[in-house]
Amino acid sequence: MAKVRGAIVVDIEKCKGCGLCVVACPSKVIDLAKEVNGKGYNYAYMSNPEACIGCANCAIVCPDTVISVYKVKTEANA
Amino acid sequence: MDIKDIIKEENLVYSKTKVLTDNVMHYCPGCTHGVVHKILAEVIDELNIQEKTIGVTPVGCAVLAYNYLHIDWQEAAHGRAPAVATAINRLYPEKYVFTYQGDGDLASIGAAEIIHACNRGEKMLVIFINNGIYGMTGGQMAPTTLEGMPTSTSPYGRDVKMTGQPLKITELIAQLPGTCYVTRQAAHTPAAVRKLKKAITKAFDNTGKKKGTSFIEVVSTCNSGWKLSPVKSNEWMVEHMFPYYPLGDMKDE
Ligand SMILES: Cc1ncc(C[n+]2csc(CCOP(=O)(O)OP(=O)(O)O)c2C)c(N)n1
Ligand code: SF4
Ligand code: SF4
Ligand code: SF4
Ligand SMILES: [Mg+2]
Numbered sequence: 001m002a003k004v005r006g007a008i009v010v011d012i013e014k015c016k017g018c019g020l021c022v023v024a025c026p027s028k029v030i031d032l033a034k035e036v037n038g039k040g041y042n043y044a045y046m047s048n049p050e051a052c053i054g055c056a057n058c059a060i061v062c063p064d065t066v067i068s069v070y071k072v073k074t075e076a077n078a
Numbered sequence: 079m080d081i082k083d084i085i086k087e088e089n090l091v092y093s094k095t096k097v098l099t100d101n102v103m104h105y106c107p108g109c110t111h112g113v114v115h116k117i118l119a120e121v122i123d124e125l126n127i128q129e130k131t132i133g134v135t136p137v138g139c140a141v142l143a144y145n146y147l148h149i150d151w152q153e154a155a156h157g158r159a160p161a162v163a164t165a166i167n168r169l170y171p172e173k174y175v176f177t178y179q180g181d182g183d184l185a186s187i188g189a190a191e192i193i194h195a196c197n198r199g200e201k202m203l204v205i206f207i208n209n210g211i212y213g214m215t216g217g218q219m220a221p222t223t224l225e226g227m228p229t230s231t232s233p234y235g236r237d238v239k240m241t242g243q244p245l246k247i248t249e250l251i252a253q254l255p256g257t258c259y260v261t262r263q264a265a266h267t268p269a270a271v272r273k274l275k276k277a278i279t280k281a282f283d284n285t286g287k288k289k290g291t292s293f294i295e296v297v298s299t300c301n302s303g304w305k306l307s308p309v310k311s312n313e314w315m316v317e318h319m320f321p322y323y324p325l326g327d328m329k330d331e
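Line by line, the protein sequences give chains A and B. Going by my numbering, the first sequence opens with residue 1, and the numbers climb by one from there. Going by my numbering, the second sequence opens with residue 79, and the numbers climb by one from there.
Treat the hints loosely; a few may be bogus.
As the list claims (entries may be wrong) - Computed cross-link-like contacts, SDA-like style, restricted to lysine to any residue with a CA-CA straight-line distance of at most 20 Å:
| # | chain 1 | residue 1 | chain 2 | residue 2 |
| --- | --- | --- | --- | --- |
| 1 | A | K71 | B | K280 |
| 2 | B | K305 | B | E225 |
| 3 | B | K94 | A | E50 |
| 4 | A | K3 | B | K86 |
| 5 | B | K86 | A | G17 |
| 6 | A | K71 | B | I132 |
| 7 | A | K34 | B | P107 |
Said to hold, decoys possible - Simulated restraints on C-beta separations:
| # | chain 1 | residue 1 | chain 2 | residue 2 | range |
| --- | --- | --- | --- | --- | --- |
| 8 | A | A51 | B | S93 | 51 to 59 Å |
| 9 | A | E50 | B | A165 | 50 to 58 Å |
| 10 | A | E50 | B | G326 | 33 to 41 Å |
| 11 | B | G326 | A | E35 | 39 to 47 Å |
| 12 | A | G38 | B | G286 | 36 to 44 Å |
| 13 | A | E75 | B | N126 | 15 to 23 Å |
| 14 | B | R168 | A | D31 | 49 to 57 Å |
| 15 | A | A33 | B | E88 | 23 to 31 Å |
| 16 | B | D330 | A | K34 | 16 to 24 Å |
| 17 | B | A269 | A | E13 | 28 to 36 Å |
| 18 | A | E75 | B | R272 | 28 to 36 Å |
What the hints assert, rightly or not - With the Cβ distance kept under 10 Å, some of the chain A side facing chain B (calculated, not the full set):
| # | residue |
| --- | --- |
| 19 | A2 |
| 20 | G6 |
| 21 | I12 |
| 22 | E13 |
| 23 | K14 |
| 24 | C15 |
| 25 | V36 |
| 26 | K39 |
| 27 | I67 |
| 28 | Y70 |
Worth flagging that the hints you see were computed from the coordinates, not collected in a lab. Keep in mind it's a predicted model, so treat the numbers as computed, not measured. Think of the CB as a built atom: it goes at the ideal place given N, C-alpha and C, for glycine as much as any other residue.
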């Protein structure tokens, strides 16, 4: 059975830690890091990467457009 | 499957459009202005009108919008963007002209300019960012501020006995025969952003067809002015702004 897997890449230094991507994600993939970037913001990262389906919801609502989204179809047991 | 096998060029499904510049936006974290800039840029890219689009920036937090989209821009004095856009449009009728204005800019100091430009049916698009406050200058009351909403100039909440009811200027504009498309949208969820994108696409299409003025209000947040987190601001907007400023098309001719 084909399964969709996704992943996001956050441009950490440009992220402002607003948290809008966190609530937009249907799969609860994203959290704000305890660490901060160069500007002092708790940047977004995939705390639960296995759950990402590559839907791009997080990227679409990001006011600073710092998320890129990748998506692949794989076999379920892969 | 390993993450590094997913993150490969051929699997890329979403990234920043090239119409957006690489400049870091000056907006506060979570500000709606950034989302609307992004969607505007994506539509301009998808319609392939980058070389033909001229934006007119307001006075307000979006005063520096020209730093963020790779298109031609003109800065206008406070509230005067529709007048400047009128001139550009008449000199270059083949261009796609739009104004980008806040609620203080459009509904207060620039109320005359927007009403008359829309009444004349200038062939342009107006993007109206209604965050119910003067964001840039420190959160003063705007014509659009809700009843009872605290601002720096109405610390006990807007008193409508003294200041009148919040101005639904988009409803007024929908009455004008010069407008062909008037809609109220938002940008707080992925679904809302996708709808907003459709609205902006339709509006630019109207401009290309030399129809009248297309007017898109985006009910927005100003989390700094509202003194709430970005996420809480969106919740507050849904609860308080949407009942008074309901989303949807008012006119589509
Ligand atoms: C002629 C003039 N009057 C007043 C100001 C001060 N001023 C700057 S921005 C602004 C209001 C901005 O509010 P809004 O249009 O709602 O934009 P926002 O920052 O909320 O996006 C005002 C009154 C000015 N710059 N020029
Ligand atoms: S929405 Fe964008 S800026 Fe905000 S936390 Fe997420 S990645 Fe960072
Ligand atoms: S692409 Fe979709 S599933 Fe993956 S992190 Fe973003 S919102 Fe969540
Ligand atoms: S003051 Fe308000 S409108 Fe201005 S950038 Fe900050 S959040 Fe956005
Ligand atoms: Mg405002």
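Hints, one by one, checked against the model:
{"no.": "1", "hint": "A/K71 <-> B/K280", "result": "29 Å, violated"}
{"no.": "2", "hint": "B/K305 <-> B/E225", "result": "17 Å, holds"}
{"no.": "3", "hint": "B/K94 <-> A/E50", "result": "24 Å, violated"}
{"no.": "4", "hint": "A/K3 <-> B/K86", "result": "18 Å, holds"}
{"no.": "5", "hint": "B/K86 <-> A/G17", "result": "25 Å, violated"}
{"no.": "6", "hint": "A/K71 <-> B/I132", "result": "35 Å, violated"}
{"no.": "7", "hint": "A/K34 <-> B/P107", "result": "17 Å, holds"}
{"no.": "8", "hint": "A/A51 <-> B/S93: 51 to 59 Å", "result": "21 Å, violated"}
{"no.": "9", "hint": "A/E50 <-> B/A165: 50 to 58 Å", "result": "56 Å, holds"}
{"no.": "10", "hint": "A/E50 <-> B/G326: 33 to 41 Å", "result": "39 Å, holds"}
{"no.": "11", "hint": "B/G326 <-> A/E35: 39 to 47 Å", "result": "43 Å, holds"}
{"no.": "12", "hint": "A/G38 <-> B/G286: 36 to 44 Å", "result": "43 Å, holds"}
{"no.": "13", "hint": "A/E75 <-> B/N126: 15 to 23 Å", "result": "38 Å, violated"}
{"no.": "14", "hint": "B/R168 <-> A/D31: 49 to 57 Å", "result": "52 Å, holds"}
{"no.": "15", "hint": "A/A33 <-> B/E88: 23 to 31 Å", "result": "28 Å, holds"}
{"no.": "16", "hint": "B/D330 <-> A/K34: 16 to 24 Å", "result": "48 Å, violated"}
{"no.": "17", "hint": "B/A269 <-> A/E13: 28 to 36 Å", "result": "30 Å, holds"}
{"no.": "18", "hint": "A/E75 <-> B/R272: 28 to 36 Å", "result": "30 Å, holds"}
{"no.": "19", "hint": "A2", "result": "12 Å, violated"}
{"no.": "20", "hint": "G6", "result": "7 Å, holds"}
{"no.": "21", "hint": "I12", "result": "13 Å, violated"}
{"no.": "22", "hint": "E13", "result": "9 Å, holds"}
{"no.": "23", "hint": "K14", "result": "6 Å, holds"}
{"no.": "24", "hint": "C15", "result": "9 Å, holds"}
{"no.": "25", "hint": "V36", "result": "12 Å, violated"}
{"no.": "26", "hint": "K39", "result": "9 Å, holds"}
{"no.": "27", "hint": "I67", "result": "8 Å, holds"}
{"no.": "28", "hint": "Y70", "result": "4 Å, holds"}
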